[in-house]
Amino acid sequence: MDNTFEKQVVEQMGMVYLIKYSEAKYKSTAHAKKALENALKDSGLNVRYVEENETMHALEAVPEQVTPMTVHPEQDWQYNMINASQAWDVTSGSSATKVAVLDTGIDSSHQSLSNFVDTSLGKSFVGGDTADRQGHGTHVAGTIASYGNVSGVMQEATLIPVKVLGDDGKGSMYGIQQGITYAASIDADVVNMSLGGGSYNQGMEEAIITANNQGTIVVAATGNDGVQNVSYPAAYDAAIAVGSVTSSESRSYFSNYGHELDIVAPGSNIYSTTPGGNYDKFSGTSMATPHVAGVLGLMRSADPSVTVSEAKSILNTTAQPAGPQLEYGNGIVDAYAAVQEVVGGGTGGGDNGDGGQEDPQAPAWQSYTWYVAGDVVTYNGKSYVCETSHISFPGYEPPYASYYWSQN
0 MDNTFEKQVV
10 EQMGMVYLIK
20 YSEAKYKSTA
30 HAKKALENAL
40 KDSGLNVRYV
50 EENETMHALE
60 AVPEQVTPMT
70 VHPEQDWQYN
80 MINASQAWDV
90 TSGSSATKVA
100 VLDTGIDSSH
110 QSLSNFVDTS
120 LGKSFVGGDT
130 ADRQGHGTHV
140 AGTIASYGNV
150 SGVMQEATLI
160 PVKVLGDDGK
170 GSMYGIQQGI
180 TYAASIDADV
190 VNMSLGGGSY
200 NQGMEEAIIT
210 ANNQGTIVVA
220 ATGNDGVQNV
230 SYPAAYDAAI
240 AVGSVTSSES
250 RSYFSNYGHE
260 LDIVAPGSNI
270 YSTTPGGNYD
280 KFSGTSMATP
290 HVAGVLGLMR
300 SADPSVTVSE
310 AKSILNTTAQ
320 PAGPQLEYGN
330 GIVDAYAAVQ
340 EVVGGGTGGG
350 DNGDGGQEDP
360 QAPAWQSYTW
370 YVAGDVVTYN
380 GKSYVCETSH
390 ISFPGYEPPY
400 ASYYWSQN
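Throughout the sequence shown, residue numbering follows numbering that gives the first Met the number 0, covering 0 to 407 in sequence.
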C-alpha cells in the first residue's frame with residue numbers, strides 16, 4: 000500500500016482496512032470503490048472486495064395501534080405464549096451461558112439486571128463506555144434475562160454489553176462487524192442484534208458465518224416497516240431472522256416478513272427494563288428478537304454442547320404453527336418444546352403433545368407441486384395426508400390448509 004493510502008487508513012481489523020476518502024473527489028460511492036480497488040491492486044495488493052461502511056441503527060420501538068384490549072403490566076401473556084414457565088421447570092438459565100447484546104449498551108446498575116451484566120467482558124465500538132443512555136439496549140437485555148420486578152426469558156444468565164450503536168441509536172457496519180467477531184472471540188453462546196439498515200454487505204455476512212463457525216448463534220430482527228422485505232443483518236442465511244406477533248398471535252402490523260423469516264415471537268407492547276431503574280412497554284421486532292435469544296440461551300443452558308446448526312433446527316422444528324410461512328416463518332417460538340428437545344424428551348415439534356408423528360419415508364412438502372389425494376408429506380416434523388388433489392402454493396402449507404390436508 001502506498002503512502003497515500005496509508006495516510007487514509009483509519010483502522011485495521013485483521014486483513015480488513017477502514018479507509019476514508021473525500022466525497023468531493025468522486026461522482027458516487029461506486030466510482031470511489033472502483034478507484035480505490037484499482038489503486039490498491041496497482042500497489043500489488045490482492046483485494047477481495049471493497050464496500051461502503053454504511054450506517055445501521057437500532058430498530059426503534061414503534062407506536063402500537065390502539066385497541067380496546069389492555070395487557071397486564073407484567074406481560075404474562077408473552078411468556079404464556081412461548082411456554083416459558085414449563086421450560087423453566089427444565090432450566091431457568093445459567094450464569095455460564097453468555098448472551099452478547101449488540102446494541103446501545105446496557106444499564107448495568109438496573110436493579111433487575113445488575114446481577115447478570117458483566118461489564119468486564121463488555122466492549123464499546125462507538126467510543127466511551129458500555130452504559131446505555133438511549134434506552135433500547137436495556138429494554139432488549141431485560142427481555143433476554145432479568146429478575147425482581149420483571150422477568151426475562153432467562154432467569155439466570157451472563158449478559159455482555161457490546162455497544163455498537165451510539166447514544167443516538169446509530170452505528171457503522173464496520174463497528175457492528177467488530178462487535179460480532181468480538182462476541183465470538185469471548186465465546187458468547189448467543190448474539191442478539193435488534194438492529195438493521197443498509198444493504199447486503201459481504202464483510203457483515205462473513206462476520207456472522209465466522210461467529211457461527213466458532214459456536215456463536217446469531218439472532219437478528221426483521222425490521223419494522225411492515226413490508227415483505229427482511230432487513231439486513233436478519234436476511235443473511237447464517238443469522239436467525241425474527242419477526243413479531245401480538246398477544247392474539249397475529250403478525251404485528253409493523254413486522255417485516257418474507258422468505259428469509261425463520262421464526263416469530265411476542266413483540267407488541269413488551270414490558271421490560273429501561274435505564275434509571277425504570278420499566279416501560281416498547282413494541283418492535285427489536286422486542287421479539289430477545290425472546291428468541293433467551294430461548295436459545297435456555298437451550299445452551301440445558302446442554303452447552305448443542306451446536307449452532309442443531310440449535311437452529313430445533314428452534315424451527317419445535318415452533319408452534321401460526322400462519323402462512325411467508326408471514327410467520329416456522330411459527331411462534333416454543334421455549335418448552337425447544338428445551339425438551341435439547342434434553343432428549345421432545346414434545347413432537349411444538350404440537351403440545353397432540354400427535355402428528357413424522358413419517359420418515361414421506362417427502363417434505365414443497366410449494367408449486369401437484370399433489371394427488373392420498374399423498375403423504377412431512378412439514379415441520381409432522382406428517383400430513385392430501386385429502387383433495389391440488390397444486391400447492393406459498394401460504395397454503397399443510398397446517399393452514401385443512402381443505403387439502405389432514406394431519407396423519
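Worth double-checking, as some hints may not be accurate.
Below, a list of computed lysine to aspartate or glutamate pairs in the EDC-like style, where the Cα atoms sit at most 16 Å apart [what the hints assert, rightly or not]:
1. 122 x 186
2. 122 x 75
3. 280 x 41
Simulated restraints, written as ranges between beta carbons of each label pair [what the hints assert, rightly or not]:
4. 399 x 113: 42 to 48 Å
5. 302 x 399: 53 to 59 Å
6. 33 x 79: 53 to 59 Å
7. 119 x 37: 40 to 46 Å
8. 369 x 50: 24 to 30 Å
9. 94 x 276: 55 to 61 Å
10. 37 x 399: 48 to 54 Å
11. 228 x 363: 36 to 42 Å
12. 373 x 209: 34 to 40 Å
13. 373 x 201: 43 to 49 Å
14. 252 x 366: 39 to 45 Å
Everything labelled a hint here was simulated from the structure, so no lab data went into it.
Only a predicted model underlies this, so the values are computations on that prediction, with no experimental measurement involved.
No residue lacks a Cβ here, since even glycine has one placed at the ideal position from N, Cα and C.
Status of each hint after checking the structure:
| no. | hint | verdict |
| --- | --- | --- |
| 1 | 122 x 186 | holds (14 Å) |
| 2 | 122 x 75 | violated (33 Å) |
| 3 | 280 x 41 | violated (55 Å) |
| 4 | 399 x 113: 42 to 48 Å | holds (44 Å) |
| 5 | 302 x 399: 53 to 59 Å | violated (32 Å) |
| 6 | 33 x 79: 53 to 59 Å | holds (55 Å) |
| 7 | 119 x 37: 40 to 46 Å | holds (45 Å) |
| 8 | 369 x 50: 24 to 30 Å | violated (43 Å) |
| 9 | 94 x 276: 55 to 61 Å | violated (22 Å) |
| 10 | 37 x 399: 48 to 54 Å | holds (53 Å) |
| 11 | 228 x 363: 36 to 42 Å | violated (26 Å) |
| 12 | 373 x 209: 34 to 40 Å | violated (47 Å) |
| 13 | 373 x 201: 43 to 49 Å | holds (47 Å) |
| 14 | 252 x 366: 39 to 45 Å | violated (26 Å) |
Checked against the numbered hints above, the structure breaks hints 2, 3, 5, 8, 9, 11, 12, 14 and satisfies the rest.
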